[in-house]
Every structure is written in structure tokens, then in C-alpha cells.
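In order, the protein sequence lines correspond to chains A and B.
Going by our numbering, the first residue of the first sequence is number 1, and it counts up by one from there.
Going by our numbering, the first residue of the second sequence is number 1001, and it counts up by one from there.
Derived by calculation from the structure, the hints in this document are not laboratory data.
Beta carbons: idealized from backbone N, C-alpha and C, even for Gly.
Any given hint might turn out to be false.
[Stated by the list, open to error] Listed next, the stretches of chain B that the computed footprint assigns to chain A, with coverage defined by at least 3 CB atoms under 8 Å from CB atoms of chain A:
hint : region
1    : 1022-1030
2    : 1033-1043
3    : 1083-1092
4    : 1098-1112
In case you want the letters, here they are:
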Amino acid sequence: MDFFVVIAAPFVMALCIMFIRAHLRSEQQGWLLSALFAVSFVGLLTRLPDLQQNGAFVVSFDWMPQIGLALSLYVDGLALLFGLVVTGIASVVFFYAGYYLDEKQTAGRFFALLLAFTGSMMLLILSGNLLTLFIAWELTSIISFLLISFKGTDAKARRGASQALVITGGGGLALLIGLLMVGHTTGSMEFSTLLTSGDLLRESPLYTAFTFLIVLGCFAKSAQFPLHFWLPDAMSAPTPASAFLHSATMVKAGIYLLARFYPILGDTELWTLLLSGAGLTTMLLGAVLALRQRDLKGMLAYSTISQLGGLVALIGLPHAEGLKAAMIGVLAHALYKCTLFLVVGAVDHATGTRIIHELGGLHRSMRGFAIVTAMAGLSMAGVPPLLGFLGKETLLEAFITQPIVIVTAVISAILTVTLALRLFVDVFLGERGSPPPEIEHPDYDPQHPLGDDAEDYNYDHMPPRLMVAGPAVLATLSLILGLGIKPLVEPLVELAVQKDVSLYLFPPAGINLAFLLSMTALTLGALLFAVRRYWLAWSFPQVVTGPQIYAQAIARVEQLADYLLKSQGGKIRYYLVAILASVIFLLLGVITNVDQMGIRNLSINIANVADGLKAILLMLALGTTLASILFERHLIAALSLGIAGYAIGGIFLLEPAPDVALVQFLVETLATVLIIVILARTSEEERRKAMSRLWGQTNSGLVRDLAISTAFGAAVMIFALAAVSNRPTPNPVVAWHIENALPLLGVNDVAAGIITDFRGTDTLIEITVFGMAALGILTLLARPNPGKTMRLFPWQAEVPDPNPVKEALQQDAEEPETLTYRPRFNDSILEVMAVPLLPISMMIALAHLLYAGAGPGDGFTAGVICGLGITLWYVVFGYEETKRRVRWLHPPLFIGAGMLIAFVNAIVPLFFGREFLAFTPFTGISVANIKLASSLIFEVGICLAVFGGISAILEAINHPREVDPL
Amino acid sequence: MNVLFAIATGLMFGMGIFQILRRDLIKAAMGFYILFTAINLLFLAVGAYDGVIPAYTYASVRDSRQVSDPLVQALILTAIVISFGSYALLLGLIAISSRRFKTIDSDELDHLKG
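With the hints as extra help, turn the sequences into a complete structure.
Next comes the structure, spelled out in C-alpha cells:
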């Protein structure tokens, strides 16, 4: 349980710190958080004897069992070791960072990020499930991105951060695929199962694939060759972040995972080849490049890369020979590297520069730091009795088997010693400022100092006294652990490696080869340092470096994005053509495999007169549709389309399907009226321009359009023929409807029964859709912002509103004494006849509602008929007059009321234990053969909603404010 | 007979697609309506029965002749109303864009140009 607390506490504190950061100074924030991690550290330490006795601690909570995701922990010696490293270093870094960051708001944000990172790191280490491990892995990548780009205004920092994210993220993708393969092969994502399935995985045919992928992911995270180049550029992070992430924890995540997978995937040739190859190359490369750096943090970055390479190569050794050395190496490296980073931060804080040529002689003013650096440097170089010596010893001992390996290791050791000396001597000893005159560095120019903000040493900005406490603790730990190997280090390493180890500072059997080699390395390193003036000025041949390749790749991607953007023409037709052409491509399968579609019975039999009439009407419909295409003038085209719609209505009537025919006639009327009203609202000039010019498009355009439409028509025709040939007759579902309409619902009109009851939910959703569309039109066309005209795009010029809304509202609210409107048509008969037509249409609608179950006509037709009535009024009387006469008609209200009634009618039966939209006949009320039932309420709702929708549409189109004087 | 419907559906659909690709926005909207109508015709064609009498349950009507398929009718009804709703919305969009940009030529509405 306490392990969960260790993981969760940092996340919780991250949230809290954002709130309390205004009240605490940054040092105080640092103390608080440091104490938290110290407690975690001690807590973990107390679990050591428990783990020694009982083995690994496993607990698991199912999170998403379908994909094998569970919140599980698997804590064994390896996890405990890494956990102790992370919490211990965290404690020190937080304490230090409190002094490093001056301003409390920035400090708060920094701490929150760092806390979130520590939480993710702990989740990664203690995780017992592959998927939670991956989640934590990616979390660390993202938070590392945020930390590297902490100073968001620095372009270099941003570039470095995105480069780090791309590389570690890409590696994470490979890792995910590899982990999923592993999980799939063993059937479980849990470590407790995986760690016993080593042989199963090694025998699997996918072994090469997933090992390669997992190793690639770890290499990206731990900066191994060739994916190492993101780490030096990540040094733009604030130094405490670099100290924590890029030396002690995040880059060690890869090492942790490799060590964790060792019992599962290791001990094969591929494993050894990959890890040793990459590891040794990195080890050498890092050591060499470190000495070329001028920036202190760069030196430390490359030396970290080198050490990680050594650790990776150790894990690559067969028969687990190198695991012991790897564990000690992790411990030692974390301690001394973190110390060095923190010291560099203090130096940067005090002097304003990190360039080694401008530093020197700091031992006078930063005495404490000098001592600490000396200790850390000795540990790095591998001088007994510090812990680093043990690390180096065990490393060399493990590598002794192969000549090329040991040679590489020794060379790297020599270069590391040189680097350690350089870090101490050239920074703290000697004189400050200019380099010794014998060294001619090609880039150094005393007139133009290199690097960021180089200025004279600002002795007033000396680091606070307590800042040295952090590094001092770590350095002292190096010493103490080195002196007390048997009681302190051995139990940890034994538990981690799970076999007996015996660690010693001086080999009990006398001086062996490893000891000799390490002493040789020390001597040669010191010698190399002494003659540094000669080789520091050597220049490398220019080779293509990782960052260059990366930058090239990113530039190519951006070029492609630019090209894609420029290729957008913006014209709707071209987008349509593209979409339709792709669909045709998909439909090619249909068009070319006609014989497989099951088309049969291709016989046109006109059995009786009705069929003949249907055929004639069909030809009428097709003909008028063609006419509407060919006619140039909009009005005539709209009318032709109306005729086509009526012809289709006639076909419905002959089917015989009177309900549908009625709706089709009504809706077709409304649609034609609608388009003609819209035509009236569009400027005549535009339309004339359109009519004359736009029919004759380019010939190639016409051919293209014809081709697309022919292809679509053919595909749909084939589909329709296949559908018609293969429909089931007779259909048992339909028979059930017909049988049960009268007994269950008491209606004679089966179609109406289906609409309101058997498939009532369809209707509910349909009126909702219709209401939404109508409200959409209302919002689009009739609601300008009060006082402002509606501008759709920012680049439109502002047009002053001639009629402010207030005036118009006042106009609407006035009751004129006399009929002040001017009639729109010089036809008084039309006006007189139009007046009673709205009430008459409402009466017809009422009849449709009441006799919905008895004949054609139901809520829809009622609503549409009323809508036609109101449309007539809008057309004859105009907007203002109609609104004055039917003041109660507020379309959104009607739509809302209709939908509310329909939904309430549907939900009420639920309260009585019946089902949604259950049918309730109201027996006992029977007037004039009308059978009342709950479906009547539903029909009323539908009618109101449809009527409201249609009036909304008409009102929007007729709204005067939308009529520009054209 | 249904074969005729199927062929007509295909023809109408083709005509509708042709209209959608017009430069004139109002014609393009009418093209959409042609598409809707064509599909409603297809629904009718795949109805289950070759109906001879309408789907009512009056005693005088209910005999052994084929009843026209009421389920398909209900679906077509719903489809007609919804297609009208979308058609109205489309026309509204065209109306407002013609007002804002003073054109019904879709080629002049190229503000999405990269």
C-alpha cells in the first residue's frame, strides 16, 4: 500500500504546489518537497529486509481487463534499488533547486513539473504491468519536454525540447509495438507472469522483432548511439532538471528496462550483439566527444552518454556476468554525476558562464563546492575508496573476457579520468578568465566571449551557503558507500541481481588484472591531462552528425506540409470532385463485378393499368429532372423539379401508399415554394450572371462531371438492381406489423401505427433532427448581434447597420392604429382569400391529427399543412404584417414545445413500470369514431415541432434585416 | 416493375451527382434534392410486397390480395421529412453566403485557399 503512496504523493503535491506557491519562498518550497522525498526514501529502505525474506512484492488492480491493462506493482530488488536512487536524488535536487530558482512563481511551476516527473518515474520503476510501464514511460518523455523548454522564450531550448520529444517519443512507439508483441506472445501483460516465460519468448518466431523494437526504445531513452544526439541539446533545461532527468533518472529508465527484461529476453546472440555493439560504441564516442566540449554541461552530458554506454554493454554480457557491475554503476554514476551537475549549476549561478575557458580559480570563493567537486571527480575517475572505484573495478572485471571489449573500456576509462581532472582543475584551480597562453583554441576569441551572458564574475551573486548542502550530501554518500561496501551496498546489489555477490574494495586474492587495469587507466588519464595543452586544439574531420540529419528530416517534413497547403485551391467543386472520385475508386469493385451481385429476374412486366401509369409517371419524373438540369433559368428549373416531385408522389399514390403520397405532395410543394422564395431573396443581378455564365463550364469540366456522374449512376443502378432482385418476399416482419396494428394499437392505418408506435423512437429522433435544422436556419439568417452586423470572417469590411436592432424591436412591439402596411401584390382578391386559409389549414391539420389512425395523414402532414398556410401568409403579406397578425407564433417555442410533449409522452410510461413510448389507449372517450390514445399526444407533439420548424425556416428567410438593398 | 424503379433510381442519382458539381450554387442545391428523391424511390422499389391494396386493416379491405408494404412507407415518410429539413438548411446556407459574398458562383468562394 505504501508503494502506491510513494507513486501518488508526488502527483498530489504537484497539484498542491501550484496553489501554495504564492505563499512560500522558493527555498521553503524546496525544503518541503525535499522532506517528502526523504520520507519516501526511508520508507523504501525499510522495505528492504521484507523483500529479502519474501521475494518480490506484487499487487494488482484491474483497470481494463480487456486489453490487459492493470494497475499493478511488482517490487523486487531491482525496482527497490532504482526507487531508492530516484527518491534519494529527488530529495537532494529539490532542496538544491529551492536555492537555485529565485522567484517563487517560476519555482512553483518548476517544482510542479519536477514532481509530476518524479511520480511518473516511480510509477515506471514500480510498475508491474507492461502497459502502465509504457504509460509512465511516455509521461516521462512529455514532462521532460516541458522541463527542457521551461524557459519558453529561448528558441534553442524549444528546438532541443522538440528534438528530444521526437526521438524519445519515436523510440516509445517502437517500444509499444515491442511490448504488445511480448504481451501477445505470452498472453499476459503482467511482469509476474512474464518473468517466468523467458524460454517461451526466446523461442518465439517474433523474438528478433520484439527484441529489436524494445531495445530500440531503450536506446532512444538512454541516448545510445545512434540516437544519442538529443541529450546534449537537452542541456537547455534548468540545471536542477538536467541533474535530475538527464543524469540520474530519465536516462536510467532505459537501463532499468533492459535490466528488467534481461531474464526474459537476454542471453541470446541478438541481445549480446545489439547491446554490446551499441553500448561500447557509445562508451567510446561519448568519452571522446566529452573532451571536445567547451560548455561544462555539455561535457557532463557526453560523459553521461559514455557511462550509459558502459552500463548497456554490461547488461549485454551473456550469463548475467555484467548485471552486478551494472547495478553498482547505476548507483555510483547517479551519485557523482548529479553532484557534478549541481555544482555546475552553482558555478553558472555565481559567475554567469559555463564556458570552461572563462572559468578558473574558483576555489577561493567557492571552497565548499571545490571540495565536493573533488570528491565527485575522484569517484568519476575511479579512485578508491570512493564508490566510483568499485563501479569501475566491477566493470573491468566483467569485460575481461573479450580483448576488443576490454580495450574499449580501458580507453574510455582513461578519457573519463582526463575529463574528471579537467572538470576540477580547470574550473576551480588556476586563474580565471583567459586560457593559458599556450593553448590556441580555434574558436576562442577574447574580444567576443562565447556562450550565454558571459560577464565578469559577479561575486555578489555567490550561491547561498546552503546550496552546497545538496551536492555535499551526495558526494559524502559516494565516500561512505565506498567505505562501507559490505554492510551498505552488498545487500542492495544482491537483492537486485538475485544471486550472491561479494563486493570488495581491494581484491582479497591479491592484485588481479582488473585492479591493474584500473590503476593503469588512472595513471594514463592523469598523464593525458597533464599534456592537454597539445591536444585540446585538435580539430575533428567534419562528419554528418545526428542533429544535422534530424534537422534535415524536419525541414523536409515542413516542406511537404507547405506544399500540401499551397495545393489547396479553395474551390468547393474541386473538393467535391476529389471526394466523389475517391468514392468511385472504392465503388470500382461494384461496377466491375456485376455478375457477382446476384442480379436476376431482369424482366419488366407491366401487369396492369396501375403499372402502366407508374411507368408513365416515372418517365415524367426522369424527364422533368433532366429538364431542370438543362434549363438555365432558375425559376423554370425549380418548377420542373417540383413537377418531378409530384410525379414521384403520383407513383407513391399508385403503389398504393397514400400516406407517403400525401407527405410527398405536401413537402414537394413546400420545397418548391422555399426555393422560389430564396430565389426572390437573391440578387437578380447575381442570378443573371449565373444563368448566362455558369451553365457553360469548360468542356473538359463537363466531361469530367459527366464521367463522375455516369460512374455513380451506374454503381447505384447496379446496387439497386441487386437489391430489388434479392429482397425477401414475403417478409415476416411486415406481416407481424399488419397483423398486430388493429389488435394492439386500434389503428387501421398500419403505416401510421408503425410511425407513432412500433417504430416510434425513429420518429422522435426525426423530429429532433428536423427541429435542429430549422433552428439552425433561424440562427444563421435572422439573429444579427445587437448593434453590430454579422461578420462571418475577420477580413470582411465592417458594414454599418442601417437598422439597429432596438428600432426594429420597437417596430415589432408597436400596435399600429390602422393597417399601415403596404400590400405586396396589387391583388385584393388574393389577400382576402389568403386570410382564412391559415385557419382552414389548421382545421385540416386538426382533422389529420384526430383521424391519424384511420386514414392517410398524421402528425407530419398536419404540421406541414399548417406550415403551408403560414408560408402563404408570409408570401402574400410579407414579414411584418404576418408577424403582427400571428403574434403568438414564436417558432423556437413551438419546436421546443413539440419536442417536449413528444418526449414526455414517451417517458411517462417508464414511471408506471412500462416501457419507453408504450401505447396507452384512453378507453371510454370515444367521440365520432375517434379513438383516443397516447399516440394522439405524440402526434400533437410532432405537429407542433414540424409546424414550428417550417415557420422558423420561413421567418428566417423573410426576415427584413437580412434583405440587403440590392 | 421494380426493375424499372431500380433503373430510374440509378439514372436519377447520376443526374443528381451531375447537378451537385455545378458552379451555380442554387442548381447544386437542387441536385441534392434530386439525390434525396432518387433514394426515396429506391426505398419504394425494395419494399417487400408488390402491393395491390393499401396497408389498411379495414374489414372490407383485408382480404387475400397483396398488401402494400407499410414498413417501407414509414421509412420513406421519415426520409422525406428529414431530407426536406436538410434541403432547407442547405438553401439557408446558400442564401446567407450569397448575401455575405454577393455571389452564387461557388468558384468565387475560395477563402479556404492555401
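Problem set entry | Annotated coverage of the region 1083-1092 of chain B by chain A, confirmed only when three residues or more have a Cβ within 8 Å | As far as the region 1083-1092 of chain B goes, the hint holds, because 8 residues have Cβ atoms under 8 Å from chain A.
Exercise. At a Cβ distance under 8 Å, does chain A reach at least three residues of the region 1098-1112 of chain B?
Worked result: Coverage by chain A holds here, the residue count being 13 at a Cβ distance below 8 Å.
Problem set entry | Claimed coverage, the region 1033-1043 of chain B by chain A - three or more beta carbons nearer than 8 Å | Coverage by chain A holds here, the residue count being 7 at a Cβ distance below 8 Å.
Exercise. For the region 1022-1030 of chain B, do at least 3 residues have a Cβ located nearer than 8 Å to some Cβ of chain A?
Worked result: Result for this restraint: holds, n = 7.
Violation of the numbered hints given earlier is absent; every hint is satisfied by the structure.
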